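*Asks:* One-letter residues, chain by chain:
Protein chains: 2
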Amino acid sequence: MGLTAASAFDQATAVRRAADGSYDVRPDERFATGGSPSGGIPPAVNGGVLIATMLRAVLDSSVHPYPVATSANFLRVPRIAPARVEVSWLKQGKTAAVARASLIQDDVLLIDSTITTGFLPNGSAPDSAATPDAHALSWTAEPPELPPLDECIQLRPGTGISAQVDLRLDPATAGWLKKKAGGAPEMRGYFRLRDDRDPDAYLLAFALDGLPPVVFGLGAIGWAPTVELTWHMRAVPAAGLLRVAARCRHVSGGWFDEEAEVWDSAGQLVAQSRQLARVGRVGR
Amino acid sequence: MGLTAASAFDQATAVRRAADGSYDVRPDERFATGGSPSGGIPPAVNGGVLIATMLRAVLDSSVHPYPVATSANFLRVPRIAPARVEVSWLKQGKTAAVARASLIQDDVLLIDSTITTGFLPNGSAPDSAATPDAHALSWTAEPPELPPLDECIQLRPGTGISAQVDLRLDPATAGWLKKKAGGAPEMRGYFRLRDDRDPDAYLLAFALDGLPPVVFGLGAIGWAPTVELTWHMRAVPAAGLLRVAARCRHVSGGWFDEEAEVWDSAGQLVAQSRQLARVGRVGR
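Which chain is which? The protein sequence lines are L and Y, in order. Residue numbers 0 to 283, in numbering that gives the first Met the number 0, belong to the letters of the first sequence in order. Residue numbers 0 to 283, in numbering that gives the first Met the number 0, belong to the letters of the second sequence in order.
Fair warning: there could be bad hints in the mix.
If chains are identical, the list can't say which one is meant, so a pair holds when it fits in one copy or spans any two.
SDA-like, lysine to any residue: derived pairs with alpha carbons at most 25 Å apart [as the list claims (entries may be wrong)]: (1) K177 - A18; (2) K178 - G239; (3) K90 - W222; (4) K90 - I152; (5) K90 - P41; (6) K93 - P170.
Honestly, the hints are just simulated from the structure, not real lab data. All figures in this text were calculated on a predicted structure; none of them were measured in a lab.
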């Protein structure tokens, strides 16, 4: 890290090149949720933070600057111990390149991901392959509605993620904090790191998975393991607070979906995700 | 196929086991869009149909009955010629198993996909690993609003996909047919095969990608190649017509997202998808 004090998030997602396409990493307990001591479940590092780590390894050898599409399958929960990320390129195109990245611990595959890198309209490099026509078309849906920051509920800094993230929840989605779940599987809030590091692609990956699970709104409080998460980066974020809004469309058979959007301080839709996850134990 | 006359869709997505984990397939021009003869672009088989083909190969050796999560990266466009699907299993779990499936032609990787198989609440096999708590939780969002079938606009059967699919578009999303695009990137309609084959996991994969691209609603008529598509199967569909509703959140820099839901005749949300695609040439 040299003489610069990196943020805890940058430390937790750091990669060190060990060989061509192979990077040493270490899941960081500062970004883990507590698991269930009574159930013998160890702390699990946030899925978005693990994706950010894998993105760093991919971007290290990418010809394009941004991870426009990332899909990740969470096969097994990493331990808080050394691991590695293996990167192999499946396609090198003018507009998009595609890599496979694997998070491996003790020679066992834990997370399998496929990552498309490319250009973004407000990014640092132009897409030389795009037609002018395609560039001319621009359209954005309405942003989510959030109350002003000072009307939101600040989560107390505890252990794990809550010590790292300054999260202010929309009161309409925070009833579960007082055991009065609102009855709708949704979650909205303002998101930033406590050390106020500016957003980038890596922090977006975390923000998309950094709110409490939407099923908390149905009273299903507990660890909700992600099975599959796909996210798309749509613009380079401006400095400042992020707004995150997550909704759900269907819960049944122990499965639920969570769709999150991240909007930046300049009013841009910068990232969107959907994950399929498992409902944890209910009512704990 | 024996003595049973399979539907064109079943023929087009058929797989023949050639070796352990290797299946012979053939992209079928009956499910291709025309491409651009003037631009020298050959017909491209619908991405959902290609995914359905890969799902057949994966399900052939899956311990679980349904593809609950599928993410696919479209690297290169398959030709109308023999190809193969290679399947390898990354995880075999009690609740979920995960496979990688690759569509390959002339030893070149064209589509890379990761597929999670598991159980569904109304499916043919129970999830023995699920807790009763998790099964108890059930919630569904509001379905999309569609006009009655007889008020929708039936697309004329032409060549390619339109000869196979009986698609009835919501007039509110069909203005582009008369060169009066509605100005919103959305598409809704009723979907069934012309030979009226009942829906299953394979047909859902097609239905999710079977409507005209949402950017047609912005007047961007043209081939819109999918870069990445992820979909989740949420319930086993009832027999009958499918309702498909697709929306978009953001278009810029030549990229757009398309989120589709499929609801069945029994009013169940049976599938949901999001894809990242490229805007085709505009105004053609």
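*Asks:* Hints first: check each against the structure and report whether it holds.
*Replies:* Hint check results:
1. K177 - A18: Answer is neither; intra-copy 50 Å and inter-copy 57 Å both fail.
2. K178 - G239: For K178 and G239, the Cα distance exceeds 25 Å both inside one copy (31 Å) and across copies (42 Å).
3. K90 - W222: Close across copies (21 Å), not inside one copy (36 Å); limit 25 Å.
4. K90 - I152: neither (45 Å within a copy, 40 Å between copies)
5. K90 - P41: The answer is between: 21 Å across copies meets 25 Å, while 37 Å in one copy does not.
6. K93 - P170: neither (45 Å within a copy, 38 Å between copies)
When the structure is compared with the earlier hints, violations turn up for hints 1, 2, 4, 6 and for no others.
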